[in-house]
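Fit chain B to the given chain A structure using the hints.
Okay, here's what each chain looks like letter by letter:
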Amino acid sequence: MTKPLNELTITEAAHALRAGECTVRELWDACMAAAKERNPELNAYIELFDADEAAIAAAQERIDAEKNGGEAAPQLCGIPLAIKDNILIKGHIASAASKMLANYEATYDATVIQKLKEAGALFLGRANMDEFAMGSSTEHSTYGPSRNPHDPSRVPGGSSGGSASAAAAHMAIAALGTDTGGSIRQPAAHTGLVGLKPTYGAVSRAGSIALGSSLDQIGPLAKSVADAKLLFDTLKGRDSYDATTNPDGLFPPRAHGAHLRIGVPRSFIEDVDADVKQAFEDTLARLKHAGHTLVDIELPTSTYALPVYYVIMPAEASTNLARYDGIRYGLAKRGATLLDDYVETKTEGFGPETQRRILLGTFVLSSGYIDAYYRKAEAARDVLRAEYAKAFESCDVIAFPTTPSPAFAFGEKSTDPVSMYLEDIFTVTANLTGMPAISVPMGTAERDGVALPVGIHFTAPHGDEAALFKIGAAVTGETL
Amino acid sequence: MSEQADTESSISTVERLAALARIAIPSDRAEALAAEFESVRAYIAQLDELTLPTDGAPALPALHNVLRDDADAYAPGTWTEEIVSAFPAKAGNALSVKKIISHD
Numbered sequence: 088m089t090k091p092l093n094e095l096t097i098t099e100a101a102h103a104l105r106a107g108e109c110t111v112r113e114l115w116d117a118c119m120a121a122a123k124e125r126n127p128e129l130n131a132y133i134e135l136f137d138a139d140e141a142a143i144a145a146a147q148e149r150i151d152a153e154k155n156g157g158e159a160a161p162q163l164c165g166i167p168l169a170i171k172d173n174i175l176i177k178g179h180i181a182s183a184a185s186k187m188l189a190n191y192e193a194t195y196d197a198t199v200i201q202k203l204k205e206a207g208a209l210f211l212g213r214a215n216m217d218e219f220a221m222g223s224s225t226e227h228s229t230y231g232p233s234r235n236p237h238d239p240s241r242v243p244g245g246s247s248g249g250s251a252s253a254a255a256a257h258m259a260i261a262a263l264g265t266d267t268g269g270s271i272r273q274p275a276a277h278t279g280l281v282g283l284k285p286t287y288g289a290v291s292r293a294g295s296i297a298l299g300s301s302l303d304q305i306g307p308l309a310k311s312v313a314d315a316k317l318l319f320d321t322l323k324g325r326d327s328y329d330a331t332t333n334p335d336g337l338f339p340p341r342a343h344g345a346h347l348r349i350g351v352p353r354s355f356i357e358d359v360d361a362d363v364k365q366a367f368e369d370t371l372a373r374l375k376h377a378g379h380t381l382v383d384i385e386l387p388t389s390t391y392a393l394p395v396y397y398v399i400m401p402a403e404a405s406t407n408l409a410r411y412d413g414i415r416y417g418l419a420k421r422g423a424t425l426l427d428d429y430v431e432t433k434t435e436g437f438g439p440e441t442q443r444r445i446l447l448g449t450f451v452l453s454s455g456y457i458d459a460y461y462r463k464a465e466a467a468r469d470v471l472r473a474e475y476a477k478a479f480e481s482c483d484v485i486a487f488p489t490t491p492s493p494a495f496a497f498g499e500k501s502t503d504p505v506s507m508y509l510e511d512i513f514t515v516t517a518n519l520t521g522m523p524a525i526s527v528p529m530g531t532a533e534r535d536g537v538a539l540p541v542g543i544h545f546t547a548p549h550g551d552e553a554a555l556f557k558i559g560a561a562v563t564g565e566t567l
Numbered sequence: 053m054s055e056q057a058d059t060e061s062s063i064s065t066v067e068r069l070a071a072l073a074r075i076a077i078p079s080d081r082a083e084a085l086a087a088e089f090e091s092v093r094a095y096i097a098q099l100d101e102l103t104l105p106t107d108g109a110p111a112l113p114a115l116h117n118v119l120r121d122d123a124d125a126y127a128p129g130t131w132t133e134e135i136v137s138a139f140p141a142k143a144g145n146a147l148s149v150k151k152i153i154s155h156d
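Residue numbers (the numbering used here), protein chains in the order written: chain A, 88 to 567; chain B, 53 to 156.
Chain A on its own, in the form it takes in the complex:
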């Protein structure tokens, strides 16, 4: 084995475990040692867990049984993962990086955690994030920001920035994040990882702390397309605890041959940094050379997708966050009256960005403005869905750069909320339409002498993650 164990992908580690090149314990120790060494600088983890000896032993037994001709163990068996702090693991704190939930211990496993446990995966710790997943940099975490391993003076992206930093710095083999407007794909792009936002309803959200309920999905941040696919295949499926999960067969499989038709909405990507645009064009040229077809498409309403998103998401966030009132769990401040209890708890428990979005959500849902903002934005979503459906008549996937620029420096976008929101310009539409989307590394762009990763983003029709894995593997040069 030439690579250190913690730098392996899931498929490489699964192979190494079966080939006897390492044990589950050695793999865990390698990841944990890297985490302990680098976390003080990168702050990717809010908390590192003690080794779960029983889980490590059980995983090793399953792998040994497979080696001895017994039942095949899942590929994820014995693989140490980082889990975003808004996904519940029974017996551990799940705080969504908020002071509001700093003392909240999960009473049950999220469905995705249950599935990972059944597959034999191990959990290294709680990955840092923007508070309640509101942000694009992790600068809104109550535990301080995570840093980008490619340049620690820059953000890792967000809101799943801790997950991205952990996987990219090899402090985990892979990670789980959540994506409401780009929160998996944008940090994946900024840290050189593959990030998948599955189709709305593909993966259960039972046991994840809600931000925007019509937008949120859980998904993987991984070092390869094959790993992202493996995690997605493990996590997906109907769940009786989440009524929004899709039944099997809701979206009939779409047939595509070896080569895909890639739709490119060029008029929408004019404001991208020149070198990011160049990396994008180079990647498209490479795909074309490999036999894929480029198709010019128009998505005229896409320019409004970001303002639409910044109406719908705060509306849903303010609704979801109303439950944190200091009465049943979480932070509980006490004043003279019951109203004081609520006000003191919310004022102290929610950070500035969370408060901003609660106010904005309250505004767009208030009786004088709900038609002009919230209802209009909901109607615009239908138009966006229809435009994408029309575009998918002539192509299999739609390509953008994941972000207009590589990772930015700390503080660069924290004075004006709108400049931070613009990070999501290419990613929000997949959440608004519910379509699956992936970010795959497409090279680097140099800033201040450092080569920073940039990502290419593909969107596919509902249920067609297969097209995303196929085109993603074509970009990375993997054989799935």
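Keep in mind the hints are simulated off the structure, nothing from the lab.
The model shown is predicted, which means the values in this text are computed figures rather than measured ones.
Take these hints with a grain of salt, some might be off.
What the hints assert, rightly or not - Only pairs whose alpha carbons sit at most 20 Å apart, straight line, appear in this in silico EDC-like list of lysine to aspartate or glutamate: (1) A:LYS177 with A:GLU153; (2) A:LYS186 with A:GLU431; (3) B:LYS150 with A:GLU431; (4) A:LYS204 with A:GLU140; (5) B:LYS151 with A:ASP427; (6) B:LYS151 with A:GLU431; (7) A:LYS186 with A:ASP469; (8) A:LYS500 with B:GLU88.
Below, chain B without anything else, positioned relative to chain A:
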């Protein structure tokens, strides 16, 4: 309206929204928060320019029942201990809250 009147109006909007959301805004934060709020509001006001086919007559969504049968209920008490352990104040298994009705 003058610039000062604009600022005052936007501070009062933010204060009203904060009261509805049960959040206290310290007086030294009000002006900055109002400015941030106005910046976001101006951004989302782009929607004013957007003409939609449904303008004037919002289309009714295609509704269908998504509720499952209330089956496989937990046995009473299955989660009680864990849930009660998170209560900030309790009496036995009951959640304690402030008295809100007065008989005076």
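Those earlier numbered hints the structure runs against, lowest number first: As far as the earlier hints go, 1 and 7 are violated by this structure, in ascending order.
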